[in-house]
Amino acid sequence: MSGQRKEDWRTLGGIKVPKISGPDESGKPPYTRGIHEGMYRSRLWTMRQYAGFSSAEETNERFKLLLERGQKGLSVAFDLPTQLGLDADDDMSEGEVGKVGVSISSLDDMRNLLSGIPLDKVSTSMTINAPAMVLLAMYVVVAEENGVSSNMIRGTIQNDILKEYIARGTHIFPPKESMRLITDIFEYCSKQIPQWNTISISGYHIREAGSTAVQEVAFTIANALEYVEAAINSGLDIDTFAPRISFFFNCHNDFFEEASKFRAARKLWHDLIKKRYNPKDPKSTMLRFHTQVAGVSLTAQQPLNNIARVTIQALAAVCGGTQSLHTNSYDEALGLPTEESATVALRTQQIIAEESGVANTVDPLGGSHFVEMLTTEIYDKSLRKIKEIEEMGGAMRAIEAGFQQREIHETAWDHLTKVENGERKIVGINHGVLEEEDMPPLLKPDPELGNKQRKKLQNLRKQRDTIRAENSLTDITNAARCGENLFPLVIAALKNDCTLGEIINAMKKEFGTYMAPSGF
1 MSGQRKEDWR TLGGIKVPKI SGPDESGKPP YTRGIHEGMY RSRLWTMRQY
51 AGFSSAEETN ERFKLLLERG QKGLSVAFDL PTQLGLDADD DMSEGEVGKV
101 GVSISSLDDM RNLLSGIPLD KVSTSMTINA PAMVLLAMYV VVAEENGVSS
151 NMIRGTIQND ILKEYIARGT HIFPPKESMR LITDIFEYCS KQIPQWNTIS
201 ISGYHIREAG STAVQEVAFT IANALEYVEA AINSGLDIDT FAPRISFFFN
251 CHNDFFEEAS KFRAARKLWH DLIKKRYNPK DPKSTMLRFH TQVAGVSLTA
301 QQPLNNIARV TIQALAAVCG GTQSLHTNSY DEALGLPTEE SATVALRTQQ
351 IIAEESGVAN TVDPLGGSHF VEMLTTEIYD KSLRKIKEIE EMGGAMRAIE
401 AGFQQREIHE TAWDHLTKVE NGERKIVGIN HGVLEEEDMP PLLKPDPELG
451 NKQRKKLQNL RKQRDTIRAE NSLTDITNAA RCGENLFPLV IAALKNDCTL
501 GEIINAMKKE FGTYMAPSGF
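Per this note's numbering, residue 1 is the first one in the sequence shown, and the count goes up by one each step.
It should be emphasised that the hints constitute simulated quantities derived from the structure, not laboratory data.
None of these values were measured; they are calculated from a predicted model.
One or more hints might be untrue.
FRET-style restraints, in silico, Cβ to Cβ [what the hints assert, rightly or not]:
no. : residue 1 : residue 2 : range
1   : 42        : 95        : 44 to 52 Å
2   : 28        : 455       : 54 to 62 Å
3   : 92        : 11        : 56 to 64 Å
4   : 370       : 145       : 29 to 37 Å
5   : 452       : 22        : 53 to 61 Å
6   : 356       : 144       : 39 to 47 Å
7   : 442       : 280       : 51 to 59 Å
Every residue, glycine too, gets a C-beta built ideally from N, C-alpha and C.
Please take these sequences and the hints and turn them into a complete structure.
Here's what the structure looks like:
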């Protein structure tokens, strides 16, 4: 969030704007109306544009451009090999290096990614899951090299493996071992990296896969409860990790449903955590969340129409009380965002913040009969769905049985059927269709990046102390076997010039890999 805001709040016509309408207060349990008393009157949400493409150097240039133009936080998109814990020179990485995000295989790549970025002033979100520990460890080492201690850095790792089994598929290890890594991160960060959000439990990808708003809330919170149980079972106290739990939600096209969804999710999380664990720290029951507008709603046809879609979705997220926001670029259905489209996306947030008036009062839709009805409906239906999952033995058991996967597939099929038969209209797809000849200019990743990264890794392995590197990897395998926290050993391995893929392979020797059951 940005700095202090003004005190006198008025409409364009000069009418005084109250802090909040109605008798209910914000910043107090159950937080339906917001987790902060003044919300955006005190500080705006963090404008955190998701960026990452091709090389670390090119992504660094984009980060600096966005920061110069008013962005307040970084959000890193990694390429597919990095998400799967593969080095860029792995045979499995062929043809995918730098295609959908930035390629990070070594500590040197992370140095280049963050070069010149003030890590003591900028918070960084990293959308990384299975290898999250390694990428966060890289960030820690680079920060320390730049004189920023680990207790000063701020940001978030997604680190949400359960939704990978449900909706994305970029898992590496079996569920039990994946949960072990997550609790190791919780424990280490609670002591060493206290300002870092150690998990961002994601409904975004669940929604992108085709779920409804209710399913998004229910499946996400059910996953969150599974993480809480795993952490407590590992010996952690609720108040040592729950205040650093954050969430990541989608914001789709149905404006009022989406704004109500966020209000319902806040109350639901508070009620469940309070009832089950009775934490002493109020922050343990606060649902803090980042929002990204719906990528799946963007169309390759008439791409400039996507600016309107993004604006509606972003406005709903702000009216729903998000803590940070990413607005998609209008050309993302065609390729990676260009400098122009990324700037338009950022300006969309700035216009909402400074010109629309929706940030001038807390929970501007609160009290609307329609919004309050939707909030209650989403709360009740999500709670019933969570209880259904818990009757199966919790989120993990339900995932193993394919419950969430089947529900999402059925919902996605129903939506597609309605679009194809014209019952639900999508402008440019089945309504307002035009013949198009010209497409906007597209950003193309460097086709030689794979070869460049391969050469860099070859040089790294030639120049490092091989014995020290191999000993570090052996230490990781042994710790994976005996239950020792892996985070300090990963940091040591990186300092000995071990690569992402090597560290993950050292874990694989003990943890194995996981293939999801077929048929879901």
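Each hint, compared with the structure:
1. 42 <-> 95: 44 to 52 Å: holds (48 Å)
2. 28 <-> 455: 54 to 62 Å: holds (57 Å)
3. 92 <-> 11: 56 to 64 Å: At roughly 57 Å between Cβ atoms, residue 11 and residue 92 fall inside 56 to 64 Å, so the hint holds.
4. 370 <-> 145: 29 to 37 Å: violated (53 Å)
5. 452 <-> 22: 53 to 61 Å: holds (58 Å)
6. 356 <-> 144: 39 to 47 Å: holds (41 Å)
7. 442 <-> 280: 51 to 59 Å: This hint holds: roughly 53 Å between Cβ atoms.
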